[in-house]
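Which chain is which? The protein sequence lines are S and C, in order.
Mapping the first sequence onto this note's numbering, position 138 (from 1) lands on 138, and the numbers just tick up by one.
Mapping the second sequence onto this note's numbering, position 97 (from 1) lands on 345, and the numbers just tick up by one.
Hints were generated in silico from the structure; no laboratory data involved.
Even for Gly, the Cβ is constructed at its ideal location relative to N, Cα and C.
Heads up, a few of these hints could be off.
[To be verified] Straight-line Cα separation of at most 30 Å, DSS-like style, residue types lysine-lysine; simulated pairs:
hint	chain 1	residue 1	chain 2	residue 2
1	C	K281	S	K11
2	S	K217	S	K66
3	C	K272	C	K378
4	S	K103	S	K166
5	S	K103	C	K281
6	S	K166	C	K281
[As the list claims (entries may be wrong)] Not the full set, but computed from the structure, chain C residues with beta-carbon under 7 Å of chain S:
hint	residue
7	I300
8	Q314
9	S318
10	F385
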Amino acid sequence: MKILNFLKQNKFLSLVLLAYLVSFILQPQFATQAFGNSSYYFIEMIQIMPMIFLLTVVIDVLIPKKVIIKHLGEGSGFKGSILALVLGSISAGPIYAAFPVSKLLLKKGASIGNIVIILSAWAVVKVPMLANEVKFLGAEFMGTRWILTVISIFMMGTIVSTIVKKEDLPSGESSPELVVINQSYCVGCSLCENMGPNLFEMIDGKATVKQQPLVPKQMAAVKNIAKKCPVNAILVPDNASQLPEGVA
Amino acid sequence: MDPLTLSMWGITLVLTGIALVKNKEKTFQSMKKSKGMMSNMLGSIVSIILLIGFVLTLIPPATIEQVLGSSNQVVASIVAAIVGSITLIPAFVAFPLVGSLVDAGASIVPGVAFLTTLTMVGVVTFPLEKQEFGTKFALTRNGISFVFALIIAIGMGVIL
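Kindly generate the complete structure, drawing on both the sequences and the hints.
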């Protein structure tokens with residue numbers, strides 16, 4: 001049952017695994033070769049993703065929201081686009097590695113146009129790739145393609161940002177101001193219910209929030225109570241967004 | 249690891265150290281947050297990698313070479329752009345492949361279309377992009393990238 005649920009939640013993965021299964025039954029050689037071809041990318045992922053993890057942490061801790069809004073936000077203008085281009089160009093890794101970083105920057109106030117520039121530059125104009133291009137296709141080829149690509153990337157940023165607005169992006173992480181109780185942490189001590197009987201109640205031995213969304217005054221009270229929770233199971237919006245899917 | 253990745257690692261580690269010294273609590277809190285975000289993406293990333301291997305086996309470099317070298321330039325360019333969109337082969341394979349074709353006298357337009365969509369348009373990464381940024385963003389970005397890849401390719405053909 002657990003496996004079935006997992007597959008339901010990960011449709012993409014299930015489809016890919018199904019494709020492998022079918023090809024393994026019909027043509028085992030094909031499946032083995034396909035899996036072998038994937039190995040290079042697995043190694044690449046293992047080399048890159050831990051760094052991306054740290055990088056998102058570093059950006060989150062060291063760069064204040066204000067700075068990101070000023071330099072990459074809506075009003076950052078041409079300078080912002082250049083910065084986005086440089087950021088994308090000097091980073092390493094495949095395009096999916098750019099997703100966590102871009103998402104964080106977006107959350108901290110970067111504009112959609114600049115995110116498109118970062119994503120595209122991350123994918124196309126990386127320094128070691130350019131060197132490789134010179135080696136096999138010549139400097140003139142590389143230079144011309146680089147110039148055309150950079151112009152295109154800037155135009156793409158502008159076009160995408162006129163079509164896609166911030167409201168079109170999934171809000172999931174930032175907007176809902178809901179208090180979440182991590183049911184697997186909650187030990188049912190009912191401390192929260194005692195401290196705020198109008199806010200919390202115990203259902204089946206686990207704490208639940210009586211009514212959501214909360215007004216700011218209630219939120220402040222909940223925050224106070226959350227600090228007292230012995231197992232830190234009450235997640236107020238600031239950290240509630242950290243919850244991986246399915247825990248709540 | 250290539251030098252760029254290595255130096256990125258170095259810089260990131262130093263910055264992580266600075267973050268830890270500056271605000272240990274916030275760093276750990278941020279790590280928790282990042283862990284949640286990354287574990288949400290991990291399933292998709294593994295799927296992407298398995299899918300890349302699958303597509304590569306389905307459309308091996310030899311087939312791509314055939315497409316890029318075909319005599320009808322317009323068809324070749326569009327097909328090359330499509331093939332570039334659905335495959336994700338490393339640069340050190342793609343550049344020699346296009347290089348050998350150009351050396352052999354083939355037009356550069358399909359080659360450029362292929363190289364550009366290869367990196368900029370991601371059909372296999374689309375599900376993850378959609379999950380993280382929404383359908384509208386993913387569709388618009390990939391669609392416009394595809395069009396611009398063709399424009400870049402034509403531009404290259406005109407200039408060079």
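Results for each hint:
1. K281/C - K11/S: 24 Å, holds
2. K217/S - K66/S: It holds: about 27 Å lies between the C-alpha atoms, which stays within 30 Å.
3. K272/C - K378/C: 33 Å, violated
4. K103/S - K166/S: 12 Å, holds
5. K103/S - K281/C: 13 Å, holds
6. K166/S - K281/C: 22 Å, holds
7. I300: 5 Å, holds
8. Q314: 19 Å, violated
9. S318: This hint is violated: S318/C lies away from chain S, its Cβ roughly 19 Å from the closest one there, beyond 7 Å.
10. F385: For F385/C, the interface hint holds, since the closest Cβ of chain S sits about 5 Å away, which is under 7 Å.
Figure legend: structure checked against the earlier numbered hints; hints not met, in rising order: 3, 8 and 9.
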